[in-house]
Amino acid sequence: MSVNYAPVLWNRQKKIYDRVMLALLFLYLAVFIGLQLTFFPAITAETLVIRASGTLAFLMLHIILCIGPIARIDRRFLPLLYNRRHLGVTMCCVALVHGIFNLIQFHAMGNVDPLVSLFSSNEHYTALGRFPFQVLGFFALLILLLMASTSHDFWLKNLSPRVWKTLHMMVYFSYAMLVGHVMLGVIQLEKSPVLIGVAGLGMFSVIGMHIWSGILNKKQTDESEEEDLEGFYRVCSLGEIADNRAKTVMINGENIAVFKYEGKLSAINNLCRHQNGPLGEGKIVDGCITCPWHGYQYLPHNGQSPPPFTEKVETYDVKLAGEWVYVNPKPYPEGTERPPCPIHNIVQKLSKIAMKHEN
Amino acid sequence: MTPTLRKYHRRIWLVLAVLLPLLFVAAVVAIPDKRPDIVFDRQQAAALPHVLEEFETENFIVRIRSNPSKVALQLEIEIKQPLTTASALVYLVNNTKEKPTDGILLGNLGPYGTHRFYLGNAPHKCILLFDAIKNRPIQTIKFKY
Amino acid sequence: MKTENEFYIGWQPDAPIGIARKVRQFIIAIFLMVPFIGLLLVLNQSGFSNSTFEYGQATVLEGILTIKPAPFLQLYRGKDVQGKPIFQNILLVAPGKHGVGDMLASRERQLGQNLEGKMVKLSGYLIYHDGKTLMEVEDMEDISPENASEVLPPMMFKLGDGAITGEITDPKCLFGVMKPGFGKPHRSCAARCIAGGIPPVLKAVSSMGQVQYYLLAGENGEAINQEVLPFVGDQVVVCGSIERIGDWLVILKNKHKDLALVPEGLEVQIPICGG
Numbered sequence: 001m002s003v004n005y006a007p008v009l010w011n012r013q014k015k016i017y018d019r020v021m022l023a024l025l026f027l028y029l030a031v032f033i034g035l036q037l038t039f040f041p042a043i044t045a046e047t048l049v050i051r052a053s054g055t056l057a058f059l060m061l062h063i064i065l066c067i068g069p070i071a072r073i074d075r076r077f078l079p080l081l082y083n084r085r086h087l088g089v090t091m092c093c094v095a096l097v098h099g100i101f102n103l104i105q106f107h108a109m110g111n112v113d114p115l116v117s118l119f120s121s122n123e124h125y126t127a128l129g130r131f132p133f134q135v136l137g138f139f140a141l142l143i144l145l146l147m148a149s150t151s152h153d154f155w156l157k158n159l160s161p162r163v164w165k166t167l168h169m170m171v172y173f174s175y176a177m178l179v180g181h182v183m184l185g186v187i188q189l190e191k192s193p194v195l196i197g198v199a200g201l202g203m204f205s206v207i208g209m210h211i212w213s214g215i216l217n218k219k220q221t222d223e224s225e226e227e228d229l230e231g232f233y234r235v236c237s238l239g240e241i242a243d244n245r246a247k248t249v250m251i252n253g254e255n256i257a258v259f260k261y262e263g264k265l266s267a268i269n270n271l272c273r274h275q276n277g278p279l280g281e282g283k284i285v286d287g288c289i290t291c292p293w294h295g296y297q298y299l300p301h302n303g304q305s306p307p308p309f310t311e312k313v314e315t316y317d318v319k320l321a322g323e324w325v326y327v328n329p330k331p332y333p334e335g336t337e338r339p340p341c342p343i344h345n346i347v348q349k350l351s352k353i354a355m356k357h358e359n
Numbered sequence: 001m002t003p004t005l006r007k008y009h010r011r012i013w014l015v016l017a018v019l020l021p022l023l024f025v026a027a028v029v030a031i032p033d034k035r036p037d038i039v040f041d042r043q044q045a046a047a048l049p050h051v052l053e054e055f056e057t058e059n060f061i062v063r064i065r066s067n068p069s070k071v072a073l074q075l076e077i078e079i080k081q082p083l084t085t086a087s088a089l090v091y092l093v094n095n096t097k098e099k100p101t102d103g104i105l106l107g108n109l110g111p112y113g114t115h116r117f118y119l120g121n122a123p124h125k126c127i128l129l130f131d132a133i134k135n136r137p138i139q140t141i142k143f144k145y
Numbered sequence: 001m002k003t004e005n006e007f008y009i010g011w012q013p014d015a016p017i018g019i020a021r022k023v024r025q026f027i028i029a030i031f032l033m034v035p036f037i038g039l040l041l042v043l044n045q046s047g048f049s050n051s052t053f054e055y056g057q058a059t060v061l062e063g064i065l066t067i068k069p070a071p072f073l074q075l076y077r078g079k080d081v082q083g084k085p086i087f088q089n090i091l092l093v094a095p096g097k098h099g100v101g102d103m104l105a106s107r108e109r110q111l112g113q114n115l116e117g118k119m120v121k122l123s124g125y126l127i128y129h130d131g132k133t134l135m136e137v138e139d140m141e142d143i144s145p146e147n148a149s150e151v152l153p154p155m156m157f158k159l160g161d162g163a164i165t166g167e168i169t170d171p172k173c174l175f176g177v178m179k180p181g182f183g184k185p186h187r188s189c190a191a192r193c194i195a196g197g198i199p200p201v202l203k204a205v206s207s208m209g210q211v212q213y214y215l216l217a218g219e220n221g222e223a224i225n226q227e228v229l230p231f232v233g234d235q236v237v238v239c240g241s242i243e244r245i246g247d248w249l250v251i252l253k254n255k256h257k258d259l260a261l262v263p264e265g266l267e268v269q270i271p272i273c274g275g
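Protein chains in written order, with the numbering used here: chain F, 1 to 359; chain G, 1 to 145; chain Y, 1 to 275.
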């Protein structure tokens with residue numbers, strides 16, 4: 001949680017993550033370059049750099065894109081998500097090496113400016129086999145550069161999490177262009193069925209992972225339309241909320257997480273002020289609601305981050321009617337203290353019995 | 001994942017799940033494969049019918065061809081791997097120690113494929129392939145005929 | 001289950017045991033998969049030519065300068081069995097993606113004379129592969145006509161009319177400077193080189209893998225670089241007069257027959273030029 005804007009707020013987990021990432025990077029490069037020089041000694045240095053960096057960047061992007069759905073399918077993979085931005089920035093650097101080498105190799109030292117040449121040397125936009133695939137790579141790289149240069153929390157705060165996340169979801173558009181770049185570029189020459197198969201496997205893995213996680217997580221957030229006379233909406237039965245965990249619900253466009261802890265209920269806005277992560281999928285640790293993505297914390301009764309941190313979320317009124325939990329979707333301003341709803345002993349016992357039956 | 005994010009992801013991936021495989025398959029179909037066969041012989045002398053001798057080295061298959069009466073002789077060199085020298089001249093020499101200046105020039109070797117040279121009836125015994133730019137021999141092949 | 005209660009917080013020094021184990025398994029799988037993918041990608045490439053570009057290693061050659069149909073330095077090698085003079089033609093290119101046209105014209109203006117057909121000494125870096133040799137001439141500031149050659153190269157002579165199918169590319173990259181110097185990934189570079197004045201070459205390959213190279217020029221030996229630009233990297237049919245100059249073949253393209261993309265699935269070359 002950034003109190004000041006340091007380039008990177010290092011901790012042990014991030015260091016482990018980055019060491020593993022760099023080890024993987026060097027392993028791939030060592031294997032790729034070693035094999036190239038062994039089996040194809042006639043290769044030029046430029047082609048070696050272009051192919052090594054291009055294949056590595058594309059492979060890294062596949063891994064990056066699979067992290068999100070993998071973490072949805074099994075929460076134990078959330079550590080892969082924690083420092084994903086370092087992976088993304090590194091991948092962008094590798095892709096930049098590829099892009100610059102290509103621009104120099106194929107477009108520099110000619111009769112026009114290299115960037116002009118990139119767009120003018122092949123203008124067959126209407127024929128698939130002749131399509132100027134390098135233009136696809138150029139725009140894909142631009143998106144990745146935009147994402148890498150705005151990956152810091154500084155941009156997250158100043159662009160707002162919503163705008164930032166929208167910008168960073170352009171990675172999917174970049175990915176689609178890169179599939180085109182590879183399939184309409186190098187694959188048109190290197191036609192080996194194995195290479196086509198590897199590219200296809202990568203693409204179908206990314207698509208498959210996203211669809212699978214989408215199906216598995218289809219109904220994570222309910223919508224409530226049952227309103228009572230006081231403006232409260234029924235959310236769920238008390239037994240549906242595990243201790244120190246939450247139930248999330250959408251009511252009139254408000255995304256609310258209701259937490260059960262220490263014999264009480266509190267409701268806050270589900271969106272973490274860091275990256276709009278799902279607070280409702282977090283846990284109460286040491287009395288604080290902890291976001292599952294990057295560990296940002298908020299006090300349940302007032303939606304404020306514990307000092308010295310300053311993030312705040314909206315709070316809501318909660319009540320219990322019998323075993324049913326109700327929430328008023330009218331939000332209080334960020335950081336407003338609202339009294340938690342106490343859970344009476346008998347109701348708590350009944351809810352525990354109900355939970356036991358379900359399990 | 002928040003409901004809003006989930007909604008956007010659902011829409012994006014439903015589109016990509018259709019478009020990306022289509023693009024993939026279309027690109028594979030667009031790969032150019034078969035090349036038309038081409039005829040080279042119009043730029044080459046026709047092969048004489050009889051093979052008097054044949055040698056194979058690492059990079060070449062060399063044949064001495066003749067007509068039925070063995071009066072006309074032809075040297076045929078089949079290049080097995082593209083040449084890696086700046087120049088490749090073909091000389092007839094008497095022995096493996098002779099230099100090109102002592103021999104008879106037959107011509108240049110060219111691209112990967114078969115090349116034929118008229119031999120005349122000069123009583124030479126060896127073929128010397130020579131790189132005239134780097135001034136060094138490439139290979140010497142001795143005949144029996 | 002115990003692991004269901006585990007919760008990962010990134011800023012804590014250690015991950016819970018169950019989560020750490022799971023992530024470790026994943027990392028091991030990735031460490032096995034990634035080099036394997038590298039292996040698959042490398043071993044299934046189609047390979048690279050054994051061409052050579054002697055960049056930085058200058059060679060000096062003396063020969064007769066020819067400008068049409070392409071800039072050559074023609075090196076006299078001797079006479080063959082039938083008494084015909086044998087020449088090796090070195091195709092000339094300039095540094096980067098440029099032809100020697102401008103360099104040559106500038107030198108001719110300086111000297112106040114035409115250098116076509118004159119004996120000259122040129123220094124440059126050789127590029128060679130598959131029986132063809134080029135020279136990247138760094139500059140022509142010092143060249144001047146030497147003593148006239150005793151043996152003149154034969155005129156370009158006609159072998160016949162025909163249609164040749166192949167890929168248009170630039171000879172500088174094709175014969176040594178880039179690998180690969182042909183095909184879709186190289187297309188833009190070939191277009192840039194040809195636009196810069198390097199004479200276009202048609203590389204014709206048979207289904208048996210035999211290769212022939214043809215310089216492309218107009219009917220009167222003039223440059224047709226702009227005309228071929230849209231077809232660079234494509235399989236095309238070129239109709240024209242097939243001629244020989246030294247050890248190079250040339251197609252003098254028929255001005256009434258446009259370049260055409262090879263129809264899909266065409267298996268045997270057919271005489272589609274007619275007339």
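It should be emphasised that the hints constitute simulated quantities derived from the structure, not laboratory data.
Just so you know, these numbers come straight off a predicted model, no measurement behind them.
Accuracy of the hints is not assured; some may be wrong.
Straight-line Cα separation of at most 27 Å, DSSO-like style, residue types lysine-lysine; simulated pairs [claimed, not checked]:
1) F:K191 x G:K80
2) Y:K121 x F:K191
3) G:K134 x Y:K121
| request: For the pair we were handed, K134 (chain G) and K121 (chain Y), check the Cα-Cα distance against 27 Å. | output: The given pair, whose Cα atoms are some 16 Å apart, holds under the 27 Å limit.
| query | Holds or violated: are the alpha carbons of K121 (chain Y) and K191 (chain F) at most 27 Å from each other? | reply | Violated: K121 (chain Y) and K191 (chain F) sit about 44 Å apart, past 27 Å.
| For the pair supplied as a hint, K191 (chain F) and K80 (chain G), is the alpha-carbon distance within the 27 Å limit? | holds, 24 Å
Figure legend: structure checked against the earlier numbered hints; the only hint not met is number 2.
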